[in-house]
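Keeping their order, the protein sequence lines are chains G and F.
So the number in our numbering is just where the residue sits in the first sequence, counting from 1, plus 127.
So the number in our numbering is just where the residue sits in the second sequence, counting from 1, plus 68.
Treat the hints as calculated values from the structure; they're not laboratory data.
Be careful, since some hints might not be right.
[Unchecked claim] Incomplete in silico selection of chain F near chain G, CB under 8 Å: (1) 111; (2) 112; (3) 113; (4) 114; (5) 154; (6) 164; (7) 165; (8) 166; (9) 167; (10) 168; (11) 169; (12) 170; (13) 171.
[To be verified] Simulated pairs of lysine-lysine, DSS-like, Cα-Cα distance not exceeding 27 Å: (14) 77/F with 177/F; (15) 141/F with 177/F; (16) 231/G with 141/F; (17) 177/F with 83/F; (18) 141/F with 125/F; (19) 125/F with 231/G; (20) 133/F with 231/G; (21) 77/F with 141/F; (22) 125/F with 83/F; (23) 231/G with 77/F; (24) 90/F with 231/G; (25) 90/F with 133/F; (26) 90/F with 125/F; (27) 141/F with 83/F; (28) 77/F with 90/F.
Note that the structure is predicted; figures quoted are calculated from it, not measured.
C-beta atoms are modelled at their ideal positions from N, C-alpha and C, and glycine is treated no differently.
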Amino acid sequence: ETGVTQSPTHLIKTRGQQVTLRCSSQSGHNTVSWYQQALGQGPQFIFQYYREEENGRGNFPPRFSGLQFPNYSSELNVNALELDDSALYLCASSSNGQGTMVEKLFFGSGTQLSVL
Amino acid sequence: AQRVTQPEKLLSVFKGAPVELKCNYSYSGSPELFWYVQYSRQRLQLLLRHISRESIKGFTADLNKGETSFHLKKPFAQEEDSAMYYCALSRYNQGGKLIFGQGTELSVKP
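This is chain G alone, in the form it adopts within the complex:
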């Protein structure tokens, strides 16, 4: 069983640039959720993808967007980067997400994004 993998592990960008983060979900999982974790804070829900459709969104602006592919892997895109976007971005996969109770999320190790 392959776990959740994220790439890259670290990334440095400058303000105004765009970034794409990638996540491969655990084998058999069709739902991917993305979280932002600022230093010293708990993870904050960005959005979730279920069967290639956005299935819920947290309080993040539209410059945060995503995709899910037929193999259930996912991308998080952030446009017009701001200094406050510096954080650890976590991806989590689960086996269902459409109006159901999820037993547990499986998290990746995250991508550490620094915006200078």
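Guided by the hints, dock chain F onto chain G, whose structure is given.
The following block gives chain F in isolation, referenced to the frame of chain G:
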């Protein structure tokens, strides 16, 4: 608005002492509550869920709807329990969309 509060950023206890990590939530409906743990250099992982009413690694947590709390307890702390603990809430049947608290770092001293 839904919110999860963990009032302690750091909790330090000696090995063998009881541990209680506090978690309070605000939510008007029927929440699902979780405890996630992150050990040093490991990824975030589920410790337990209120609906399972289970004990994992000696930890238990009881949902108290009257006090809107979901405190995590262990009668005798072990050094390997040292980690970052996050309490999280999900709205009923909104799987995967968790609201996390700020986390409590538990340090168990020998």
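Now for the hints, and whether the structure bears them out:
no. : hint             : verdict
1   : 111              : holds (5 Å)
2   : 112              : holds (4 Å)
3   : 113              : holds (7 Å)
4   : 114              : holds (4 Å)
5   : 154              : holds (5 Å)
6   : 164              : holds (4 Å)
7   : 165              : holds (5 Å)
8   : 166              : holds (6 Å)
9   : 167              : holds (7 Å)
10  : 168              : holds (3 Å)
11  : 169              : holds (5 Å)
12  : 170              : holds (5 Å)
13  : 171              : holds (5 Å)
14  : 77/F with 177/F  : holds (17 Å)
15  : 141/F with 177/F : holds (17 Å)
16  : 231/G with 141/F : holds (20 Å)
17  : 177/F with 83/F  : holds (6 Å)
18  : 141/F with 125/F : holds (11 Å)
19  : 125/F with 231/G : holds (17 Å)
20  : 133/F with 231/G : holds (22 Å)
21  : 77/F with 141/F  : holds (16 Å)
22  : 125/F with 83/F  : holds (15 Å)
23  : 231/G with 77/F  : holds (24 Å)
24  : 90/F with 231/G  : holds (21 Å)
25  : 90/F with 133/F  : holds (14 Å)
26  : 90/F with 125/F  : holds (18 Å)
27  : 141/F with 83/F  : holds (14 Å)
28  : 77/F with 90/F   : holds (10 Å)
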